[in-house]
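Generate coordinates for the entire structure from the input sequences, incorporating the hints supplied.
One line per chain: the protein sequences are A and B, in this order.
First residue of the first sequence? That's 1 in our numbering, and the numbers climb one at a time after it.
First residue of the second sequence? That's 1001 in our numbering, and the numbers climb one at a time after it.
Calculated from the structure, these hints are not laboratory results.
Keep in mind that a hint or two might mislead.
Here are some, though not all, of the chain B residues that point toward chain A, as calculated from beta-carbon distances under 7 Å [said to hold, decoys possible]:
| hint | residue |
| --- | --- |
| 1 | Thr1098 |
| 2 | Arg1209 |
| 3 | Val1212 |
| 4 | Leu1237 |
| 5 | Met1239 |
| 6 | Val1362 |
| 7 | Val1364 |
| 8 | Ala1366 |
| 9 | Phe1378 |
| 10 | Tyr1405 |
| 11 | Lys1410 |
Heads up, the beta-carbon is just placed ideally off N, CA and C, and yes, glycines get one too.
There are 2 protein chains.
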Amino acid sequence: MISLQEMGQRACEAKYSLQKMTAEQKNQALLAAANALREEAEEILSANREDIAAGEANGMHPGMIDRLRLTKARIDAMAEGLEQIVGLEDPIGQVMETFERPNGLVIEKKRVPLGVIGIIYESRPNVTADAFGLCFKTGNAVILKGGSDAIRSNMAITKVLRESLNTVGVTPDAIQLIENTDRSATSAFMKLNEYVDVLIPRGGAGLIRAVVENSTIPVIETGTGNCHVYVDKAADLDMAVKIILNAKTQRIGVCNACESLVIHESVREEFLPILARELRSKNVEMRGDEGVRIYLEDCIPATEEDYGKEYLDYIISMKTVSSVGEAIAHINKYNTRHSECIITDDPAAAEQFLNEVDAACVYVNASTRFTDGFEFGFGAEIGISTQKLHARGPMGLKELTSYKYIVHGKGQIRG
Amino acid sequence: MISLQEMGQRACEAKYSLQKMTAEQKNQALLAAANALREEAEEILSANREDIAAGEANGMHPGMIDRLRLTKARIDAMAEGLEQIVGLEDPIGQVMETFERPNGLVIEKKRVPLGVIGIIYESRPNVTADAFGLCFKTGNAVILKGGSDAIRSNMAITKVLRESLNTVGVTPDAIQLIENTDRSATSAFMKLNEYVDVLIPRGGAGLIRAVVENSTIPVIETGTGNCHVYVDKAADLDMAVKIILNAKTQRIGVCNACESLVIHESVREEFLPILARELRSKNVEMRGDEGVRIYLEDCIPATEEDYGKEYLDYIISMKTVSSVGEAIAHINKYNTRHSECIITDDPAAAEQFLNEVDAACVYVNASTRFTDGFEFGFGAEIGISTQKLHARGPMGLKELTSYKYIVHGKGQIRG
Chain A
1 MISLQEMGQR ACEAKYSLQK MTAEQKNQAL LAAANALREE AEEILSANRE DIAAGEANGM
61 HPGMIDRLRL TKARIDAMAE GLEQIVGLED PIGQVMETFE RPNGLVIEKK RVPLGVIGII
121 YESRPNVTAD AFGLCFKTGN AVILKGGSDA IRSNMAITKV LRESLNTVGV TPDAIQLIEN
181 TDRSATSAFM KLNEYVDVLI PRGGAGLIRA VVENSTIPVI ETGTGNCHVY VDKAADLDMA
241 VKIILNAKTQ RIGVCNACES LVIHESVREE FLPILARELR SKNVEMRGDE GVRIYLEDCI
301 PATEEDYGKE YLDYIISMKT VSSVGEAIAH INKYNTRHSE CIITDDPAAA EQFLNEVDAA
361 CVYVNASTRF TDGFEFGFGA EIGISTQKLH ARGPMGLKEL TSYKYIVHGK GQIRG
Chain B
1001 MISLQEMGQR ACEAKYSLQK MTAEQKNQAL LAAANALREE AEEILSANRE DIAAGEANGM
1061 HPGMIDRLRL TKARIDAMAE GLEQIVGLED PIGQVMETFE RPNGLVIEKK RVPLGVIGII
1121 YESRPNVTAD AFGLCFKTGN AVILKGGSDA IRSNMAITKV LRESLNTVGV TPDAIQLIEN
1181 TDRSATSAFM KLNEYVDVLI PRGGAGLIRA VVENSTIPVI ETGTGNCHVY VDKAADLDMA
1241 VKIILNAKTQ RIGVCNACES LVIHESVREE FLPILARELR SKNVEMRGDE GVRIYLEDCI
1301 PATEEDYGKE YLDYIISMKT VSSVGEAIAH INKYNTRHSE CIITDDPAAA EQFLNEVDAA
1361 CVYVNASTRF TDGFEFGFGA EIGISTQKLH ARGPMGLKEL TSYKYIVHGK GQIRG
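In structure tokens form, the structure reads like this:
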């Protein structure tokens, strides 16, 4: 097992060779990696079976076992993921702007890789291949730290990817995995500023908080979503039911699912019984304030904590307001800056909501479930940023780049 | 003195009202602030005299006293700075991209303020007004933490600015100053994630390192510059002398000054005596490797530490290389990712250098001293970023913004 320090050095050397590669060279390597995953599927599955067995022996929750489990189909999906990345435009080298100064200096702003990206993630082993693909396409070296439950699977996937790079003459250090599963290794990784340019945590709220609090490397915070749907007094109520059901129940464990309903008092009487019927049919537990509960006898009282919570479960909180301004204030107080929606036919209410709600993605009359790199047409996604620095919302290839200024002179000096 | 928690809350309330202001409203407030600085100059100067007296009593270095000192002219320059910001285009509200998805969703990417910006800086009190002006124009609330040496001056300036905002009906909490000069207040400020979106340190390497290591708020690292000039074998040597002299001595205490010369072995014999004559005339101490010292008897041996050092002084380190590749490797090992220059008439050497050197700004045949928001034509500068996340190089108004995605639907749900 090599030291973190040495991994950092190797990643730095790799980044200089990756940034020189053409899009065509990178695509060939990605195709080789996709083939290797398919060809070596049995090796990966065998390592994965060991992880599963260890998980079961440790009494791991069945839902977690499912996240951890690889199958031939899932490995094939990982390979397809890499092939899809081949089809995307390479942003590296794009000239974003060119300007000439009065003194004759010509300044180009050119897209470059970030350099070395660190990714800390939880138990899904497919992240290992996905993250590699996106980082590699954008000329970045990646250092991965996966969950200890998936260590054998991640090691097997990394080995296959590294060997495939070797066969096409690309430095295998484009992808490195931290094999030490101690927490101390994670702590040290988060302070590897000398080598790592950016750290991206992918996982639950606890993991993300730990990284934000302990990393000295710049972090892109991703993924926590306490998303609201606000039903305005001018809402199309049929549409509102469909959107809330979709946003709440189409997939419950995801960051862009709706966790909270905000409702204008004037539509409660008509709307709540219809909505509640649908929510009950999906076994969604309702937790509301007094203004909601007078219309719904099976709605239990919501606490302050409910309004701040990302349930990721069949539960929804409900809050009554008397104006769009009050809805905005409630959302800005409790949301995680992820995705927020207003259902209304009133353009003025929509505009106020879209402008004043503080979130990466604000919707009028559409489900919050669309906050996603693929749904946005980016073709890929490394995560959904909930911070404002660098990237906000779905992050595709462009969001894994930086830029540099290239200045062409003829001997200019400053006066 | 109000608590940090309360300052955070006030800044958050202020940010919601600032983001609604039009460019015209913001400009009126900036003009009022500029007038107020001029009208209340005596009050500010009186506070500044107390800071100076305290500094002198504590044996403060005369150079530091000079940085701390305000005069009528310097206050006028602060007011002019605000007036210049009025003339710059307001980036807020710009639609950066619009795209329609196959399902009919129309997505706009719109520029918005970052929200609340924290700035930690050292003794120049003019930063108080400058930082306010840039943050205010971009709709951000700012919380400032200046050096304890300038606390009376900063309080006086902040008071004048806050009162001027009040008179034009703008929330004074657009600018707040942390008056507690304890280190503990700085530590707590760096962990105010609930309210502060970004922290920008402005000052020496020690301050910046302390912020990077201790802040849990996203940081934009600014300002440390160990900048190199590489004289290639195909260099115009007259041009090289002029550029090195300018980059090294035009102003020594700044981050874009040249700290290190890298020289191709084949031009040493002709070039070094000419350059050395000029450097001696400016009293620049030379510290070089053996390959340089055989041509310069007054050049003292350079240590490993010299190559990594931002002198901010009349000292230059010198290193011999035998190729542009070796020059690039040396620079990438020791630089601070700020500004790097190659002097050459060989387009291939220039291209390799510009592509492979890892720095915010890379130059061919021009002084590194041009890395500056004004010189780049941004009209203003909050600092020079040496990190790759968010902004790189000179940061003007646009770099103080984020974006949000505004999604217009007609009832779309995800299938």
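Do the hints match the structure? See the list:
1. Interface hint at Thr1098/B: violated, since its Cβ lies 12 Å from the closest Cβ of chain A, which is beyond the 7 Å cut-off.
2. Interface restraint check for Arg1209/B: the shortest CB-CB distance to chain A comes to about 9 Å, outside 7 Å, so the restraint is violated.
3. Given hint, Val1212/B at the interface with chain A, holds; its Cβ is 6 Å from that chain's nearest Cβ, closer than 7 Å.
4. Proximity of Leu1237/B to chain A is violated relative to the hint, the smallest CB-CB distance being about 12 Å (cut-off 7 Å).
5. Checking Met1239/B against chain A: minimum C-beta separation of about 4 Å stays under 7 Å; hint holds.
6. Satisfaction of the interface hint for Val1362/B is found here, the shortest Cβ-Cβ separation to chain A being roughly 6 Å, below the 7 Å cut-off.
7. For the restraint placing Val1364/B at the interface with chain A, the shortest Cβ-Cβ distance is roughly 6 Å, inside the 7 Å limit, so the hint holds.
8. Evaluation of the Ala1366/B hint against chain A yields a held restraint, the C-beta minimum of about 3 Å falling below 7 Å.
9. Because the smallest distance between the Cβ of Phe1378/B and any Cβ of chain A comes to about 10 Å, over 7 Å, the interface hint for this residue is violated.
10. With 7 Å as the threshold, the beta carbon of Tyr1405/B comes within range of chain A, its nearest partner Cβ sitting at about 4 Å, so the hint holds.
11. With its C-beta approaching chain A no nearer than about 6 Å, Lys1410/B sits inside the 7 Å limit, and its interface hint holds.
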